[in-house]
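I would like the entire structure built from these sequences, with the hints used as guidance.
Note that my numbering has the sequence shown beginning at 1, numbered continuously upward.
Where hints are given, some of them may not hold.
To be verified - Below, computed lysine-lysine pairings styled on DSS-like, alpha-carbon distance capped at 30 Å:
no. : residue 1 : residue 2
1   : K7        : K25
2   : K26       : K7
3   : K25       : K44
4   : K44       : K26
Because the hints were derived from the structure by calculation, they are not lab data.
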Amino acid sequence: MTEEINKEVVETVEESQQQAVEESKKTGRCGSSCFRFEDLDMAKGYNLLGIGRGGVVMSNIFLSTSLIYLASQQAGCLILDENDNTIVDKDCETKVYGMLPISLISNIA
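Structural data, given as structure tokens:
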């Protein structure tokens, strides 16, 4: 059963690739029409907005984790787990600049 599904998926992908090649030959444009949105500028802008938001969210996650780690390091709340990885102790009550390291991000927001 899995082999049949895999064959169907491969056939579908090959068909869509062939259609994209034929379309690019007809229109003279390289690639498929997945980003053209029928030439609606509003749809293109909405899509680009989503791409931009993705970068902002990823950087926010990275910076938040880094700030929690540095605040925990300053407070002495880092411990080693069984694999010798440094992790943040959630039960640490030491404050840095008047707040717990765990609550740093919620206080910034």
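Results for each hint:
Proposed proximity of K7 and K25 is supported: the alpha carbons are some 27 Å apart, at most 30 Å. Only pairs whose Cα atoms come within 30 Å are accepted, and K26 paired with K7 is accepted, the gap being roughly 29 Å. A C-alpha spacing of about 23 Å is found between K25 and K44, which places the hinted pair at or below 30 Å, so the restraint holds. This hinted pair checks out: K44 and K26 have alpha carbons roughly 22 Å apart, not beyond 30 Å.
Hint compliance for this structure: every hint is met.
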